Amino acid sequence: MAELVVDLTVREIGRAAEAVLGQSVSVSEGTDIARDLSVDSLALMNIVMELEDKFDLSIPLDRMADVQTVGDLARLIDDLRVKV
Amino acid sequence: MSLLQKHLAQTQAYSGIREIGADPFAVRFSAVLSPTEAELDGRRVILLGTNNYLGLTFDADCVEASIDAVRRWGTGTTGSRIANGSFGSHVAMEKALARFYGRSHAMVFTTGYQANLGVLSALAGRGDHLILDADSHASIYDGARLGHAEVIRFRHNDTDDLYKRLRRLQDVPGDKLIVVEGIYSMMGDAAPLKEIVDVKRQTGAYLLVDEAHSMGVLGERGRGLAEEAGVEADVDFIVGTFSKSLGAIGGFCVSDADDFDILRVVSRPYMFTASLPPGVVASTLKALELAENDRTLRPRLQANAERLYDGLNALGFVTGPRASPIVAVVMPDMTTALGMWNALLEGGVYLNLALPPATPNNRPLLRTSVSAAHTPKQIDQVLAVFEWVGREAGVLPRRSQRASG
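Those sequence lines, one after another, are chains A and B.
Quick note on numbering: the first sequence equals residues 1 to 84 in the working numbering.
Quick note on numbering: the second sequence equals residues 1001 to 1405 in the working numbering.
Keep in mind that the hints are not guaranteed to be accurate.
As the list claims (entries may be wrong) - Sample of chain B residues with no beta-carbon within 12 Å of chain A, all distances over it, derived:
hint, residue
1, Val1027
2, His1129
3, Glu1150
4, Glu1195
5, Leu1315
6, Pro1357
Said to hold, decoys possible - Listed below are several chain B residues computed to face chain A (Cβ distance under 7 Å; list not exhaustive):
hint, residue
7, Ile1152
8, Arg1167
9, Arg1168
It should be emphasised that the hints constitute simulated quantities derived from the structure, not laboratory data.
Quantities reported herein were computed from a predicted structural model and do not represent experimental measurements.
Heads up, the beta-carbon is just placed ideally off N, CA and C, and yes, glycines get one too.
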C-alpha cells in the first residue's frame, strides 16, 4: 500500500518536472534529480512549488537538503501529507 | 583541484561568459570621479549600477566627518563589540536610527548581509517557521538556514499564496515570521505591504521588512515602503543597510520588541564579527541626517527614475512594473544579455548584468540603478546608448528605411 502511494507521488513529480522543464521526462524512484534530470536549484524550487499546489501542502526548504532522488522527494511529500 | 571539481558546471558557464567580452564579474575601475562617473580602461563611463540612490558617496560633509573620525579614532575597531567594546559612534548611530524610525531599539551590524543573517537566525529558531517571499535576497535565504527554522517560500508578491501557507500552519506550534522586501533588488518592484499586513493580522504572524533598497527612497521622510504604505505600526522588525542610500557599508535592525537587546548576545553574526570602523559610522551618521532632512534628494531621484523608466519603455524595452530607482531591462536570452552589456560598456554606460538563478523567472537582466546625483543630460545620454545598442542587438526593431528627401 505504502509503495503504491509512493508510485503515485513519483508520477506527480514527473508531471511537475515536465511542466517546469517544458519537455517530457521519465522518472522513477531512483532518478537523481540534479544529475539525471539536469535540474538546477531554481528549477527544483519551481518543481516543488508545482507539487505544493498539487498536494496543497508546503514543503519546507530545510527538508529539501536531504532530497537527492525522486524517491526521496516522494517519501518527503507522503510524510508531509500524513501530517496534514 | 579535486575539491573545486564540484563547480565544473559553473566554471564552464563562467568561461563562456568571458569569451564574449569583458568579464562582468571582474570590472575594474581605475578611478571613481563622482557618484555618477568613473574611469574604466582610461575612458569615462556613466555609473548606472551602483545602488548609490542619494548620490552621497562624495558628499563633502560625509567625507569630512569620515576623515575627522579616522584621525581621532583610528582606522578600525579590530574586534567585535561584545569582545572589544563599543565606540561612542556605534551607540550614537543606533540612537539616530531608532529616532529616525520612531522605534525603541536599534542594532547595527557590519554589513547588510550580516544584518539579515544575524536577525533572522536569532528570531526564528528550531520549531519556528519563516515564510519568505520566493524572490528574497540571498542574505535572507542564508539567514533562514543559519537559524534552523522551518523555511517556507510563497510566490513572489502573492498574498493569496502567503495566506494559504500560513493557514496550513495555523495549528502547528512555533512562531511564524513573514519576511518581505521593500523594493526587490532585481526588478525594482515593491511588496504589496498593506495586503501582507492584513494576512499577518489574520494569521497572528510576525512581519519583518527588509528596506535595503527602499530606505532613503520611499516614504515622505525616507523610512521606506512601510512609511509609504502607512503600515509602520504593523511591521515588527525593519532591516536595512548603509551601503545603498547612505553610501557606506553596514546593516541594521530596528524594532519595538521587548527584550530586543538580547539579540546582542545570541546573534552569532553580530557577536563574532569586528564592528564597523569609526570612519564608516561617521559618514553614515551624516548621510542619515541628509537622507532625512534634504528634501530635494528624493524628488530628484524619482524624477531621474521616471526619466529612465519612461524612456526605456518608450524605446520598446521590457522593464519592471514600477518606476523605481532600480530599473531592470529584461533580456530575451543570455547571449543577447552579454552582447548588450558589453556594447553598453563600450558606449560608456556601466550597469549590472544579472543572471539566473539570481533573477526572477530565469531571465537575464540588465539591471540599472539611478541616483539623485545623475543629471537629466546623463540619463538622456544613457537612453541614446541604449537605443543604439538595442537596435544593433535586434532587441529593438531596426529603424525602418524611410524615403529621405
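Evaluated hints:
Here Val1027(B) stays apart from chain A, with its beta-carbon at least about 25 Å from theirs, past the 12 Å limit. At roughly 8 Å, the least C-beta separation between His1129(B) and chain A is not larger than 12 Å, which violates its mark as non-interface. With a least CB separation of 4 Å from chain A, Glu1150(B) falls inside the 12 Å interface cut-off, contrary to its annotation. The beta carbon of Glu1195(B) sits about 20 Å from the closest Cβ of chain A, which is more than 12 Å, so the claim that it is off the interface holds.
The non-interface label for Leu1315(B) is consistent with chain A: the shortest C-beta to C-beta separation is roughly 29 Å, beyond 12 Å. Chain A draws Pro1357(B) into its interface by the beta-carbon criterion, the shortest separation being 4 Å against a cut-off of 12 Å. With 7 Å as the threshold, the beta carbon of Ile1152(B) comes within range of chain A, its nearest partner Cβ sitting at about 5 Å, so the hint holds. A distance limit of 7 Å between C-beta atoms decides the matter here; for Arg1167(B) the minimum to chain A is near 10 Å, and the interface restraint is violated.
A cut of 7 Å between beta carbons decides the hint on Arg1168(B): the least distance to chain A is about 6 Å, and the hint holds.
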